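Let the hints inform the model, and build the full structure from the sequences given.
Below, each chain spelled out in residue letters.
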Amino acid sequence: MRFLSDLWRILRHDKGALIGGAIVLLYCLAAIFGPIFVEVGNEQDASQAYLAPSWEHPLGTDSLGQGVLSQIIVGTRPIMIVGVLSAVITVFIGVAIGLLTGYVGGAADTVIMRITDIFLTIPGLPLIIVLASVINTTNPVVLALILSITAWAGLARAIRSQAMSLRSREFVEAAKLQGVSLSNMIGRQLLPNVGPYVAIHFLLAITGAIYASVGLFLLGIAPISGNNWGIMINLAMAQGALYTTDSAFYLFSPMAAIVILQVAFVFFSRALDSVFNPRLRVQ
Amino acid sequence: MHIEDQTLLEIDDLTVAFGDGAGSVRAVENVSLSVAAGEIYALVGESGCGKSTLAYSMLQIVPQPGRVIGGDIRFRGRGMVAMPKRDLNALRGAELAMVFQGAMNAFNPVVTIGAQVDHILQAHPEVFSDLKEGREHFDHLLELVQLSPKRIWKAFESQLSGGMKQRVAIAVALLLKPSVVILDEPTTALDVLNQRLVIDILKDLHRDLGVTIVFVTHDLAVVAEVATRVAVMYAGRLVETGTVEEIFKAERRHPYVEALINAIPSVLDAGLTVRPIGGAVPNLADLPAGCRFAPRCRSVEDLCRQTEPPLLGDGGGHLVACHVANREIVPMEVSKA
Amino acid sequence: MVSYVLKRLAMSLLIIYIVISLSFFMIRMMPGNPMAALESQLRMQGGLSEVEIQQRINAIYSVTPDAPVWEQYLRYVWGAVRGDLGRPITNPGTTVVAVIAEALPWTIMVVAVSLIISFIIGIAVGAVMAAFQNSRFSQAMTFVVSFLSAVPSYLVAIALLYVLTSVYQVFPSGGAYGVDVTPGFNGQYLLSVLYHAILPIAASVITSFGGWALGMKGSAVSVLGAEYVRAAESRGLSDRRITQSYVGRNSMLPMVTQLALSVGFMFGGSVFIETYFQYPGIGFYMIQSVGQRDYSLMMGCFVLITVSVIITNLLVDLLYPLVDPRIANPAARARATDQAADPDQEVLPAGGSMA
Amino acid sequence: TAGTAGGGSPAGNSGGDAAGTAAAGDSSKFLTFFPCCSWGTTWSYNPYNVNQLGIQNDFISMRLAIVKSPSLTEFIPQLADKWAVENGKLNVHLRDDAKWQDGTPVTSKDLHDTAILNGLRGDGFWSDITGVDVVDEKTVAFTLKEGQPESLAKLDILNSIRPYPSSVYGKLVTDGLKQDVVKYFRTLQQSPEQAAKLPEFKRMGDAFKNLAQLKVDKLIGNGPFRLENITTKEAKLVKWTDFWDADKIKFAGIRYLNGATQTVYPQLFSGNVHLSNVYMPPPILNRWKTTPDSNTALPLGFGFTIVFNSNQKPLDSKAVRQALAYVIPRQQISEAAYGTDEAAGGTWKEVNTGISPTLEQIYLKPEQLEKLNKYPVDPAKATALLQGEGFTKKGDQWIKPDGKPFTLTFTANAETTDIVTSFNSAAKALTAFGIKSEVNATSGAQQDADQHNGDFQAGMAFVGGSNPIAMYNSLLGPGYNFTRLGNYAGKRGIGFGPKKNVPGLGEVDLASTIDRQARTVEPGDEMNKQVWNWAQLVNEEVPYIWYATKVYQFPFSTKEFTNWPPLGDNKSSELWDIISADMNGGLSLAMQQGYITPK
Amino acid sequence: MSLLDVQNVTHTYDTGNGRPVLHNVELSTQEGEIVALVGESGCGKTTLGRLIAGLHEPSGGSISFEGSDIAGLKGKRRTEWRRQVQMVHQDPYGSLNPGLTIGSTLAPGLLRHKLANRRTVQAEMITLLQQVGLDATPAFLQRYPHQLSGGQRQRASIARAISLQPKLIVADEVTSMLDVSMRVAILDLLLSFQRERGIGFVFISHDFGVVRYFAQGGRIAVMFYGHIVEEGPVEELIKTPSHPYTHMLLQAIPVPDPVLVRKRDAEGGGSERLVGEPATKGCVFSNRCPLVQDVCRKEAPPLEDIGTGHRTACFFHDEIPPLKHLAADGASPQAARS
Ligand SMILES: Nc1ncnc2c1ncn2[C@@H]1O[C@H](COP(=O)(O)OP(=O)(O)OP(=O)(O)O)[C@@H](O)[C@H]1O
Ligand SMILES: Nc1ncnc2c1ncn2[C@@H]1O[C@H](COP(=O)(O)OP(=O)(O)OP(=O)(O)O)[C@@H](O)[C@H]1O
Ligand SMILES: [Mg+2]
Ligand SMILES: [Mg+2]
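Residue numbers (our numbering), protein chains in the order written: chain A, 1 to 283; chain B, 284 to 620; chain C, 621 to 975; chain D, 976 to 1574; chain E, 1575 to 1912.
Worth flagging that the hints you see were computed from the coordinates, not collected in a lab. Computed from a prediction, not measured in an experiment: that's the story for all the values here. Here a beta-carbon is modelled for each residue, glycine too, at the ideal position from N, C-alpha and C. Some hints here could point you the wrong way.
As the list claims (entries may be wrong) - DSS-like cross-link-like pairs, simulated, lysine-lysine; straight-line CA separation at most 30 Å:
| no. | chain 1 | residue 1 | chain 2 | residue 2 |
| --- | --- | --- | --- | --- |
| 1 | E | K1837 | B | K486 |
| 2 | B | K433 | E | K1688 |
| 3 | D | K1379 | D | K1288 |
| 4 | A | K176 | E | K1688 |
| 5 | D | K1288 | D | K1043 |
| 6 | D | K1190 | D | K1064 |
To be verified - Over the 12 Å line for every Cβ pair with chain A, so calculated as not near, a few chain E residues:
| no. | residue |
| --- | --- |
| 7 | A1627 |
| 8 | R1656 |
| 9 | Q1664 |
| 10 | G1668 |
| 11 | F1714 |
| 12 | R1734 |
| 13 | L1824 |
| 14 | D1839 |
| 15 | A1840 |
| 16 | G1856 |
| 17 | L1877 |
| 18 | G1881 |
| 19 | H1884 |
| 20 | P1895 |
So this is what it looks like as structure tokens:
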């Protein structure tokens, strides 16, 4: 609750973050409820293709004569699912490994840190592309796993170093003297202190995953199946939308959908940063 | 002490505020005091009562968003608040030098101490026209603060211990032979031995170089050891000033000062008479009406809760801002001399 | 120091070894085997009968497929050690290494140039933003820059393509140089190279300088608030000196550290950019080979990208003491960054954390 | 049988008037040609390499002759000017003035060595012959296999052999190798199993490996153009003045563009590209139509089909496949990808035989065509068929007899966007009918592998050519259906068969029968008869559905180049028909005949 | 049986430079006793405190609590020991988890050691807060550390330490980060627990004034670079230090009385060798000792009893001059006033 009131306090003063937050919320709603209210119809009519925006189709129509807007709304869910799922995986693995190794230390720490070293060094996007092309799946969980393949390592690193410095902090020692259990230590003492970082990283991980997953669909590395923004752009590009002015909405609407979401996330994360920032909290 | 009684630094009704509008706080409010040449002037008070801010304003380096909103600071009679940057820069370091609180972060971490010394020398060619001369002077100062020049020149800040940094900072402050050195809590966070070392160094420097010292502390024992004149601050205001003897020994004094002295357990005896001061320094953004110390004061009266007491003297330099303590004396506004 | 370098070297070799092994197993994990891939490739090429296709495949792959996996593995690793990553499935007349050797310089050029340009622009913009911290200009810039850094590079690539190669046909839509020039050290060729590289570079600069600017701004603001800057002021140093030796240097340091880390990210991003601009760099080859299931070339590209990143990191690590004189020993830095990672100081690359 | 001189008069006649008008043009101009995707990111000048350079074609290296389209028996001479069958041998005579671009004459040794080397990779003509020998400086004799139909052998040899300089590749040809090749193919014609075990086969493999990996630094052709420079995006072909018909070619060279399909559109609109053959989606086509100086030629019947996996439940049921045929709106899904524009060819043509409309006209009588089921969109019929198979409809969704919902996944190559578009459209129609469908667009290789392995439900196939039996063979034959050779040996592919009752043939092994026919049925009555048999089978059993014809166009601009091969009423002509069947060959032919001149 | 027995403890940090931070330290306390550790910065006071509290294991020697070596404790007995030894840290800002309310800081220990159950825990915590003089309302339990003043925070962390009813508390510079005005109150609070509950203290400080105030009747151990150089009863040690280092420390203390300062300064007495590295051979203090003789540089003096529980490690403890200004009567400022 305090978190929410803090968040609101910050948002009230940071217009950019407020708008960002509102947009993120809007997208979430679209992802959850969009497919219930909006439907990409099954009828199609080539004579309706590439129409200019109208009341019926606020963003015009695509090559099959179907509304671009409704496709964008319906396409929100798969993108958000993959983004959020991947961020959850990234953050879960990163935080669990980071906190455990950082707090417990020892030989396990050394071994795991060498492993993260490896994942940190291997460039993520090429690895994702390689994996995605081998695995060739549309399953969102598998896709999310692929997208998190290297992302967790950076987080684990950062969390670990924070856990290490927390380990010798007095309040952690005091808790230790109180005899608290390991789970309490990790979950209650350490986690809240890395919370801000985790929360912000979570948002950034979503944007990162969306960036990469859209890229995969865009390049046609992930199978084009169903409806999402990357696929929309892919099809639009393939149908030469880049080169006819009639189809500008068809091409640029999904692009705008992505850009707006990404930018909104970044601005929103700025507000989160302020909420969690202990320096701002102290006074 | 041939230049005694010549006023070097004069603070006149100074008010410094942080931020503006509703959220602003006045870290220093209507403070007036003057530092004469050859004095060792101590600024005392609890944490957060504006000592550092006052010290910064003496060099016009109050950090953002702080700024002087009233009064002036005069160095040798020249007002510094409106002084052009160029003139200020000429004064800074050369005439007025400062050692920062903690001194831990007073050096650029990626440049050697020696190079930073060179920067200062180059910025003030009028002091040492020859760089070598300046460097030799610094070596000499390092010896004065009991450090080996050889090691310090090439060292990075991170390679020095806390006590060493404090001493290097003192030496750097003295580099250009300033007439006033302002030290912000030079002994805080040092252990007894380092503290003693710094105290002795300050005394030696004062004696040998004749430099005027303004220092900030919250440790009355250090005040007693070093200072010649003392100003006690409370919640942004001056509550008492006087010579060190007046502060420690005079009959008439501010209950806050008395309480402070009584609150220190001393090694001199088992100290059964020590008594804590209840409560805490008020939040500057939410000050009580009347005397700011009233909520914690033992001898508080109704009047104290209504009007702020003026800073009054009994003719000499010993000024106290307390309705109770000043009841006996003939009110006499402090002269702005 | 020496032992640190050796350790780093060992680690680097280990990673390369792992990537090579990964590549070996990936190639064998791909749907169908290389022969099937070749078969598809030939069939897509068209004009060949089934028998012809089988003949060719049999001929080209007459040797190893039946050997035990471990033997193939050893052969592959040993080959890789000697700089032999096999032959592209789609082009047995050349070697993977030869193909990459042709592509890599283009990628390195584009990555390096765009990294340098975006770094310089970003640092400059960030510094200005920090200097006028609370001004309207800075707020507006912060918005613009945050916006740009949040936009995926491939979308910028598409937009640039739309505007500059389609609506206005100002720039070529692909290739590294024109067909009318002869490669070599001549003005015409160099101009052509520049002309062709402008769009890819622009796309990555547009999306990446914002990250630098924000990072620099954060860093510079915190340095500006640092006590030693005020200490320097109190000593009467000139503004120029303070800006250069105190603020500039200290706020640049974390940026420089970040520079190395971002190399990996830039290589990753170049995959998209090169594909969209059809720029024949290693990322382009990688995507092309993904599409053609040319597994050996694809993994070769992957291995080489990784190796490039590793080498850059290693170099930066070894060169870091030149930038930060406190660190005579890079090991100390590694330890320091390990222990005191300040999340506030972190510059997040554009597009989030996928680097 | 008597020798037939080839397609008569080359050059001269047909191009005569064209050559006259072209004199005014600026002959230093380059023709820009964007055929899309001729070479990959890597390429080789070695034609035996997998990734041979796609422009190693009739602009640079000539074939012996080019078959007229859609004829299977008439040829236009190119490198060979005379040929005749005598005593079971096809004697091919090379033009006397043919030269390599390095100045040496093209000799019978070049052709002989090329034939041997082509044997290493199993070129189709080796199943027609048992030997090849040099007769004289300019003549090579191909010994035909016993019982080999002459016309098919000519087609295989003349239209497909493109000789390469023996000076480059000939060093790999030895007497031993020649004997190996001859022995291997003799055995292969009897028993493929035995042939694969021959030591000769192994030696051929080794030789081919060396051949494929041979690094060739320079392209030496014998055609009208020389390759001057090449990048990933573009090749620069310069007119070769020593070419025999060089004086008929009125421009300085060809800029031969390569790269992503879509990048051609703006260049076409601006007139920078003079000719292309890429797929144009409807909006692009619309814009092209309104572009000044724009022209479009329409190709012959090539088509796309939806292939069902007849091996997978419930698609193994004929009734279910028929039901799908009643539901899938062929015209609509075709128009989704190719538009409705009449100027662009009135793209959609109803096909119920499984072969292209052009071939239908040639090989089948109208009354035969009338007899075939037209599968109009008819949900009621589909419903009846499905119900007859035990399907039920629950709400909006059809439920299979086993109680599970009937869903369908279309597999497509993501690069063929027109197919993806059509399939998307089909999926939507099916979903609307109650069969929840989606499209899985993967890489071409994945799709190919899936279809060979039988890991798909509905897939895609491109069908084309001028031989109807070959067209059936490409889908029902062992390449895709019960594959015997290679990596997919033993896989069921589209799983149609293995035995079927073919009208007129009875119960036969489907794949091997159609494969054998493709190599033995000569044009004429026999071919007409067989085509009718297969047409009935395909129409009744619906192993695949032909849904699109004229899937691409030839947009060309007269902004800078004029005198293109003439267009007839239906936007085609003999030359354009050749171009559409064999683009580079046809264009090269047109240029040699003096067409295409700068303004 | 003593409450705590530190036997021959040596400690080296893994991350340090390899130099031992503690050398053969011997120390013991009785139940309810106060032992003060004094010494200059970095001499190992905190390290010893942390070893006693069991936050690290010593690299050598052993620490026993109530007669059993804490390294060997297992299961219930370990939990019991864990409960009985607590620590109060120096930094009131750092010792409370900024992300947890006071309630959730206090509760886990109580629950864990079954000193309260879910139902009673709130009442228990309120009682505790009362005991440390804090505003004991349920609302207070919901406050975060940043909403408290330094003094309140230190009280809260004391409440946490006493909540487990320990027998021994390691108090590490508990007042050094607090404003002067609050120090005495905190010391008084701790003392009240010593008096009322018999809690023993290991009291770490470098301020003799504070030590003298807090440890009356207890003992002082003076440390120099990991060595205990002198140990004895508070009053005796302060009045008659028997080690030159103790003498130096006491001599260095600033005196809050300008008159006395003048007097002392007039008498002279240099400040040489106030800081510097320890000697590696012989007596550790020999580098800085004003009384140093040849033997000191060769041989390390043992920590020997020089009468009633007063031990020193100096060959020449007899020659230590008296502390003039400390001995002076009526020297305190309070006294000066009256
Ligand atoms: N940058 C700032 N922004 C806002 N308020 C500030 C800032 N710096 C100081 N203050 C306020 O000014 C008041 C005085 O601060 P100052 O640092 O001068 O106190 P001090 O007496 O030096 O305290 P300490 O003993 O802790 O150093 C404090 O209450 C603080 O809240
Ligand atoms: N975690 C650690 N790792 C390595 N060295 C340490 C660690 N903690 C302390 N040290 C070193 O051990 C020595 C003793 O430290 P300790 O904190 O015990 O001293 P202290 O007497 O408490 O000093 P202070 O009065 O400054 O608190 C110091 O030199 C210190 O640098
Ligand atoms: Mg201060
Ligand atoms: Mg300590």
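Each hint, compared with the structure:
no., hint, verdict
1, K1837(E) - K486(B), "holds (15 Å)"
2, K433(B) - K1688(E), "violated (61 Å)"
3, K1379(D) - K1288(D), "holds (12 Å)"
4, K176(A) - K1688(E), "holds (16 Å)"
5, K1288(D) - K1043(D), "violated (43 Å)"
6, K1190(D) - K1064(D), "violated (35 Å)"
7, A1627, "violated (6 Å)"
8, R1656, "violated (5 Å)"
9, Q1664, "violated (8 Å)"
10, G1668, "violated (4 Å)"
11, F1714, "holds (15 Å)"
12, R1734, "violated (6 Å)"
13, L1824, "holds (29 Å)"
14, D1839, "holds (39 Å)"
15, A1840, "holds (44 Å)"
16, G1856, "holds (34 Å)"
17, L1877, "holds (29 Å)"
18, G1881, "holds (37 Å)"
19, H1884, "holds (32 Å)"
20, P1895, "holds (40 Å)"
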